[in-house]
Amino acid sequence: MSSVLYDTPGPRAKRRNVIYTVVFLAVLGLVAWWVLSAMAEKNQLAADKWTPFVTDSRVWTTYLLPGLMETLKAAALSILIALPLGALLGIGRLSDHRWVRVPAGTVVEFFRAIPVLLLMMFAAALYREFTTISSDFRPLYAVVTGLVLYNASVIAEVVRAGVLSLPRGQGDAAEALGMRKSQTMLYVLLPQAVTVMLPALVSQLVVIVKDTALGGAMLGFAELLSQNRQITANYGANTIATFTVIALIYIVINALLTHLAGRLERRMRRGKKSTSVTIPAQGAVTDVETMTVRGS
Amino acid sequence: MKLRSTSAAAAAAVVLALTATACGTGSDSGSNGDKINVGIKFDQPGLGLKTPDGKYAGFDVDVARYVAKELGFAEDKINFKQAPSAERENLIKNGDVKFVVASYSINDKRKKEVDFAGPYFLAHQDLLVRADDSSITKVEDLNAKKLCSVTGSTSAQNVKDKLAPKADLQQLGGYSECLTGLENKAVDALTTDDSILAGYASQKEHAGKFKLAGLRMSDEKYGIGVKKGDDELRGKINKALEKMVTDGTWEKLVKEHFGPSGYKYEPAPKVEN
Amino acid sequence: MFDFLDSGQYDLLGAFWVTAKLALYSAIGSLIWGTALVGMRVSPVPMMRAFGTAYVNLVRNTPLTVVLVACSFVLNQTLRITLGGGRSEEIGFRLAVLGLVLYTGTFVCEALRSGINTVPPGQAEAARALGLSFTQVLTLVVFPQAFRAVVTPLANVLIALTKNTTVASAISAAEAALLMKEMVENEADALFAVFAVFAFGFILLTLPTGLFLGWAAKRLAVKR
Numbered sequence: 001m002s003s004v005l006y007d008t009p010g011p012r013a014k015r016r017n018v019i020y021t022v023v024f025l026a027v028l029g030l031v032a033w034w035v036l037s038a039m040a041e042k043n044q045l046a047a048d049k050w051t052p053f054v055t056d057s058r059v060w061t062t063y064l065l066p067g068l069m070e071t072l073k074a075a076a077l078s079i080l081i082a083l084p085l086g087a088l089l090g091i092g093r094l095s096d097h098r099w100v101r102v103p104a105g106t107v108v109e110f111f112r113a114i115p116v117l118l119l120m121m122f123a124a125a126l127y128r129e130f131t132t133i134s135s136d137f138r139p140l141y142a143v144v145t146g147l148v149l150y151n152a153s154v155i156a157e158v159v160r161a162g163v164l165s166l167p168r169g170q171g172d173a174a175e176a177l178g179m180r181k182s183q184t185m186l187y188v189l190l191p192q193a194v195t196v197m198l199p200a201l202v203s204q205l206v207v208i209v210k211d212t213a214l215g216g217a218m219l220g221f222a223e224l225l226s227q228n229r230q231i232t233a234n235y236g237a238n239t240i241a242t243f244t245v246i247a248l249i250y251i252v253i254n255a256l257l258t259h260l261a262g263r264l265e266r267r268m269r270r271g272k273k274s275t276s277v278t279i280p281a282q283g284a285v286t287d288v289e290t291m292t293v294r295g296s
Numbered sequence: 297m298k299l300r301s302t303s304a305a306a307a308a309a310v311v312l313a314l315t316a317t318a319c320g321t322g323s324d325s326g327s328n329g330d331k332i333n334v335g336i337k338f339d340q341p342g343l344g345l346k347t348p349d350g351k352y353a354g355f356d357v358d359v360a361r362y363v364a365k366e367l368g369f370a371e372d373k374i375n376f377k378q379a380p381s382a383e384r385e386n387l388i389k390n391g392d393v394k395f396v397v398a399s400y401s402i403n404d405k406r407k408k409e410v411d412f413a414g415p416y417f418l419a420h421q422d423l424l425v426r427a428d429d430s431s432i433t434k435v436e437d438l439n440a441k442k443l444c445s446v447t448g449s450t451s452a453q454n455v456k457d458k459l460a461p462k463a464d465l466q467q468l469g470g471y472s473e474c475l476t477g478l479e480n481k482a483v484d485a486l487t488t489d490d491s492i493l494a495g496y497a498s499q500k501e502h503a504g505k506f507k508l509a510g511l512r513m514s515d516e517k518y519g520i521g522v523k524k525g526d527d528e529l530r531g532k533i534n535k536a537l538e539k540m541v542t543d544g545t546w547e548k549l550v551k552e553h554f555g556p557s558g559y560k561y562e563p564a565p566k567v568e569n
Numbered sequence: 570m571f572d573f574l575d576s577g578q579y580d581l582l583g584a585f586w587v588t589a590k591l592a593l594y595s596a597i598g599s600l601i602w603g604t605a606l607v608g609m610r611v612s613p614v615p616m617m618r619a620f621g622t623a624y625v626n627l628v629r630n631t632p633l634t635v636v637l638v639a640c641s642f643v644l645n646q647t648l649r650i651t652l653g654g655g656r657s658e659e660i661g662f663r664l665a666v667l668g669l670v671l672y673t674g675t676f677v678c679e680a681l682r683s684g685i686n687t688v689p690p691g692q693a694e695a696a697r698a699l700g701l702s703f704t705q706v707l708t709l710v711v712f713p714q715a716f717r718a719v720v721t722p723l724a725n726v727l728i729a730l731t732k733n734t735t736v737a738s739a740i741s742a743a744e745a746a747l748l749m750k751e752m753v754e755n756e757a758d759a760l761f762a763v764f765a766v767f768a769f770g771f772i773l774l775t776l777p778t779g780l781f782l783g784w785a786a787k788r789l790a791v792k793r
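Chains as they are written, first to last, in my numbering: chain Y, 1 to 296; chain U, 297 to 569; chain S, 570 to 793.
Since the hints were derived computationally from the structure, they do not count as laboratory data. It is possible that part of the hints are untrue.
Said to hold, decoys possible - Below, simulated SDA-like cross-link-like pairs (lysine to any residue); rule was C-alpha separation at most 20 Å, straight line:
1. Lys507/U to Asn43/Y
2. Lys441/U to Leu648/S
3. Lys14/Y to Val643/S
4. Lys442/U to Arg656/S
5. Lys442/U to Leu644/S
6. Lys405/U to Gly608/S
7. Lys441/U to Gly653/S
8. Lys49/Y to Leu648/S
9. Lys351/U to Thr61/Y
10. Lys481/U to Leu593/S
11. Lys407/U to Asn755/S
12. Lys500/U to Asn43/Y
13. Lys481/U to Val643/S
14. Lys49/Y to Lys500/U
15. Lys481/U to Asn755/S
16. Lys389/U to Thr131/Y
17. Lys73/Y to Asp56/Y
None of these values were measured; they are calculated from a predicted model.
So here's chain Y without its partners, still in its complex pose:
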């Protein structure tokens, strides 16, 4: 394994690498040993705290899986509503008319500047005070509202960047054919921008899935994370075991989504080369990459 940053290791470098590896492993091992022994001393490794997740299928069917369903339901609803809304806002920001561009821009910047938790808490209080939505659904509505407002404005920026990343010639050609501005956007620019945006949109789903946990911690939304309370109430305060299992479920789901995003991106790049469509793939893709970072 070599990289542009260092030479292919020679005999001395190889020896040095072995030493570094051993030292690094030793440090990692020490930390792990210290954590595990401290936990064992506090009885947190006791088998009866961990075995329920393997031996008792009811932990899964009564708590974890229903919680996971709520998480996925909130995430799916949020992305489905945020997508069209975000596309509208993004296109609005590109409009030639000031009275469309400025309000769209203000909305996008406002909701991007505010923590999504604040939006959720505000929505929850609004629904509690001014609507009759039943308490079974109020937390879900509040979480979805917060996520939609925030993610629509993020998606608006993704859409805008996607459209702007297309070569000018595309729009010019459409104009030359006599298409109206709306037609140019709808039939020429957006379809191409969507393929550029796809990986960024899938990565945004990861952000959404992670943010649903806020609803569980702060708003009483019965999603995956909030199940820890009922599980630990039934199985003798096995908090650490429960949190480990819940974190692993999140990691698996999000790793799958990240993997999907990566595959889409690679396929897109390949597709571009083979059919030689006119979009300069590299520039567009790095743009999208930097954008996915922001949604943390």
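Here the structure of chain Y is known, so what remains is to put chains U and S in place on it, guided by the hints.
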């Protein structure tokens, strides 16, 4: 054209999903058809707990079942709903549930928003400490101690405002979080109603680890919350509660749920009309 | 409408001050931790590369709420690490900083890595031809250029971090979101005013960061 069909599909999916969720929000007033909705706690062992097999267990749950039976609803006609502390008034006011049995102490602030039947139980604010810890014998001892309670609970505020202002109060999301800290000596005491504490202390996983300090720092009369002004229902529930005490069910239930912990519960309080 | 501000019951400035401190300390910490992580991810030692990659992929896919709550439980409640003792507010604050650093470090790492990729290979090759070691190539040639290329993505990470400090309310750090939760429950009549105040506060915190770093990005950009 491809775009148009995808966006149409997405729009259809949104509409579908929305209506699907909206279906559940239809206006039912606590008892839809032949079923009755009752609010309980889902995460308090001994009082109201959703067990791994999806059933419900605890003193509050059994009281709710008894009252519902007296109102003419068999056990399979009861629909239990989760009633977290902060949501109880809203559940009743919005008509989501007919009544709430969820360690619901009667106080003046709550009486402005809902009416109470009962009381059916008298609890006290108390401390749960490690079984080998005898350093807390009176409330003032807390001033030098780390205390744990659930975010926003009134018992925590009581201690902070009146009983021991210098206590180092840590507020966590749930009682089991506090128990982990208590077991590992990260905190010294957990405070809330003794009925709730007894429920945790008597779980088999915690046997012998914790004990109640027995300080009786306040009187908490548990009532059954009903909609404001619904005197008919309140009267019926009060009758049911009185009957529960006289026919010995109350004693039986209390023994069943609080007996194992050695918790010295108060005798049945007199129902106030 | 805004009379709850005068009642003296709520320490609004204090809460936002905690938020600002959380953001500042976590920003410094995550820049350091993120740089260390990216150093591992591109290092010649396979074991470090593996650790860096595994750490980033695991932590980045975990909700911040879970990371912070785990810090509070595993480290404090169970292992009794208090990071210096004191009252539980102080411990909670330090644990929140730790959790935010552990989490945000992965995003800093990824931003820096994309920055390293923008440095033309010729730069590193020339440095190696001069006989510089891996550490020298990285610290003297590649990082200085990479940092300048990633000012914008880093700014976005830091703005996201400022907003993410609200999650610390889940472990009772006494910052702005926790106060807002209390206020929306007590001041239900002035709901919109409460929201407006907190929204304004966060815009005040994030906007200057964004403007300053946008300006810095333009000034520092490597002209090629």
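Each hint tested on the structure:
{"no.": "1", "hint": "Lys507/U to Asn43/Y", "verdict": "holds, 19 Å"}
{"no.": "2", "hint": "Lys441/U to Leu648/S", "verdict": "holds, 19 Å"}
{"no.": "3", "hint": "Lys14/Y to Val643/S", "verdict": "violated, 38 Å"}
{"no.": "4", "hint": "Lys442/U to Arg656/S", "verdict": "holds, 8 Å"}
{"no.": "5", "hint": "Lys442/U to Leu644/S", "verdict": "holds, 17 Å"}
{"no.": "6", "hint": "Lys405/U to Gly608/S", "verdict": "violated, 59 Å"}
{"no.": "7", "hint": "Lys441/U to Gly653/S", "verdict": "holds, 17 Å"}
{"no.": "8", "hint": "Lys49/Y to Leu648/S", "verdict": "holds, 16 Å"}
{"no.": "9", "hint": "Lys351/U to Thr61/Y", "verdict": "holds, 13 Å"}
{"no.": "10", "hint": "Lys481/U to Leu593/S", "verdict": "violated, 31 Å"}
{"no.": "11", "hint": "Lys407/U to Asn755/S", "verdict": "holds, 17 Å"}
{"no.": "12", "hint": "Lys500/U to Asn43/Y", "verdict": "holds, 15 Å"}
{"no.": "13", "hint": "Lys481/U to Val643/S", "verdict": "holds, 13 Å"}
{"no.": "14", "hint": "Lys49/Y to Lys500/U", "verdict": "holds, 12 Å"}
{"no.": "15", "hint": "Lys481/U to Asn755/S", "verdict": "violated, 34 Å"}
{"no.": "16", "hint": "Lys389/U to Thr131/Y", "verdict": "holds, 12 Å"}
{"no.": "17", "hint": "Lys73/Y to Asp56/Y", "verdict": "violated, 25 Å"}
Checked against the numbered hints given earlier, this structure breaks hints 3, 6, 10, 15 and 17; the rest are met.
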